[in-house]
Structures are given as structure tokens and as C-alpha cells.
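For the sequence shown, the numbering used here assigns the number 25 to the initial residue and increments by one for each residue that follows.
Mixed in with the good hints, there may be bad ones.
[Claimed, not checked] Keeping only pairs whose Cα atoms sit at most 25 Å apart, straight-line, the calculated PhoX-like set for lysine-lysine is:
#1 K69 - K33
#2 K130 - K32
#3 K51 - K112
#4 K51 - K98
#5 K50 - K32
#6 K93 - K112
#7 K69 - K51
#8 K97 - K112
#9 K98 - K32
#10 K112 - K33
#11 K50 - K33
#12 K51 - K97
#13 K72 - K50
#14 K69 - K50
#15 K50 - K98
#16 K50 - K97
#17 K112 - K98
#18 K93 - K51
#19 K32 - K51
#20 K32 - K69
#21 K50 - K93
#22 K97 - K72
#23 K130 - K33
#24 K72 - K32
#25 K98 - K33
#26 K72 - K93
#27 K93 - K69
#28 K33 - K93
#29 K72 - K98
#30 K130 - K98
#31 K33 - K72
#32 K112 - K50
#33 K32 - K112
[Stated by the list, open to error] Pair by pair, the computed Cβ-Cβ distance ranges are:
#34 G75 - K33: 31 to 37 Å
#35 D100 - Q126: 21 to 27 Å
#36 A35 - E66: 15 to 21 Å
#37 D34 - L137: 32 to 38 Å
#38 G75 - E101: 41 to 47 Å
#39 I70 - L103: 35 to 41 Å
Since the hints were derived computationally from the structure, they do not count as laboratory data. Ideal Cβ positions, reconstructed from N, Cα and C, are used throughout, including at glycine.
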Amino acid sequence: MRVRNIVKKDAYYDSVTLMLVSREIKKEQGIIDAAIMMGTEENLKILKSAGLFQTSTEAGPNDLIIAIKGDEKKIDEILSRIDSYFEKTRKSKSTILPEGIQEALKILPDANLALISV
Numbered sequence: 025m026r027v028r029n030i031v032k033k034d035a036y037y038d039s040v041t042l043m044l045v046s047r048e049i050k051k052e053q054g055i056i057d058a059a060i061m062m063g064t065e066e067n068l069k070i071l072k073s074a075g076l077f078q079t080s081t082e083a084g085p086n087d088l089i090i091a092i093k094g095d096e097k098k099i100d101e102i103l104s105r106i107d108s109y110f111e112k113t114r115k116s117k118s119t120i121l122p123e124g125i126q127e128a129l130k131i132l133p134d135a136n137l138a139l140i141s142v
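Construct the entire structure; sequences and hints are all you get.
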């Protein structure tokens, strides 16, 4: 088993996307653990405590860290198509925007909260 870190400089994704992609990678056969985080000090501590940090990794708070532990060949395969994981997540987060209250009630008939911004 091996741990690999890849740093993408100045690459930002929201935390929900990062959690979803991490979860998808963890499902892969031959992968023990995976975490994708921004390179903040706190996140680096989390990676270290999880055994997912390589000491040679240099990342700043604006950098994305992809940390994977598992079979070396499987890690190579995942990293070769890492962008597809982010694309898949982006496509799955499509938003339905109703054009009025009636359409909104059709989508969420039990909704009991409204937010109005002016």
C-alpha cells in the first residue's frame, strides 16, 4: 500500500464537491482511504493524523491537495482521470430554479420556509 499526494496550485472547489469526490474515490476497489482538501493549516493537520500526508508535499491555503492511500496501480488510474470525478460531481449538482410560487410548490409541496432577498 502506498500514499500519494498531488497538489493542484490555485485550484478551488467548494467543500461539498471535495467531500463528494473523496467519497467516490474511496468506493474504488484497491483504495483504502482518500481525502481531497484545500491546503489550509488545519486540513494539513487532518491529513497528517489520517496518515494521508507525505512530508514532501508543499501546499498553501489556495492549493488543492489530493491524498490517496491504496494500491499503487489503482492510484495511478484514479489520478489519470481525476478531472472526470470533478466533472461528474459538477453535473450531478444541477439546480432546478422555479419561476414562481406555484412551480416551487410542485417541486417541494411540503416546504414551510421561504427566503426573500431584495
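Hints, verified against the model:
no., hint, verdict
1, K69 - K33, "holds (19 Å)"
2, K130 - K32, "violated (42 Å)"
3, K51 - K112, "holds (15 Å)"
4, K51 - K98, "holds (12 Å)"
5, K50 - K32, "holds (20 Å)"
6, K93 - K112, "holds (22 Å)"
7, K69 - K51, "holds (24 Å)"
8, K97 - K112, "holds (22 Å)"
9, K98 - K32, "holds (20 Å)"
10, K112 - K33, "holds (21 Å)"
11, K50 - K33, "holds (23 Å)"
12, K51 - K97, "holds (16 Å)"
13, K72 - K50, "holds (18 Å)"
14, K69 - K50, "holds (20 Å)"
15, K50 - K98, "holds (11 Å)"
16, K50 - K97, "holds (15 Å)"
17, K112 - K98, "holds (19 Å)"
18, K93 - K51, "holds (12 Å)"
19, K32 - K51, "holds (22 Å)"
20, K32 - K69, "holds (18 Å)"
21, K50 - K93, "holds (9 Å)"
22, K97 - K72, "holds (23 Å)"
23, K130 - K33, "violated (43 Å)"
24, K72 - K32, "holds (18 Å)"
25, K98 - K33, "holds (23 Å)"
26, K72 - K93, "holds (12 Å)"
27, K93 - K69, "holds (16 Å)"
28, K33 - K93, "holds (21 Å)"
29, K72 - K98, "holds (22 Å)"
30, K130 - K98, "violated (44 Å)"
31, K33 - K72, "holds (20 Å)"
32, K112 - K50, "holds (15 Å)"
33, K32 - K112, "holds (19 Å)"
34, G75 - K33: 31 to 37 Å, "violated (24 Å)"
35, D100 - Q126: 21 to 27 Å, "violated (52 Å)"
36, A35 - E66: 15 to 21 Å, "holds (18 Å)"
37, D34 - L137: 32 to 38 Å, "holds (37 Å)"
38, G75 - E101: 41 to 47 Å, "violated (21 Å)"
39, I70 - L103: 35 to 41 Å, "violated (21 Å)"
Consistency note: the structure conflicts with the earlier hints numbered 2, 23, 30, 34, 35, 38 and 39.
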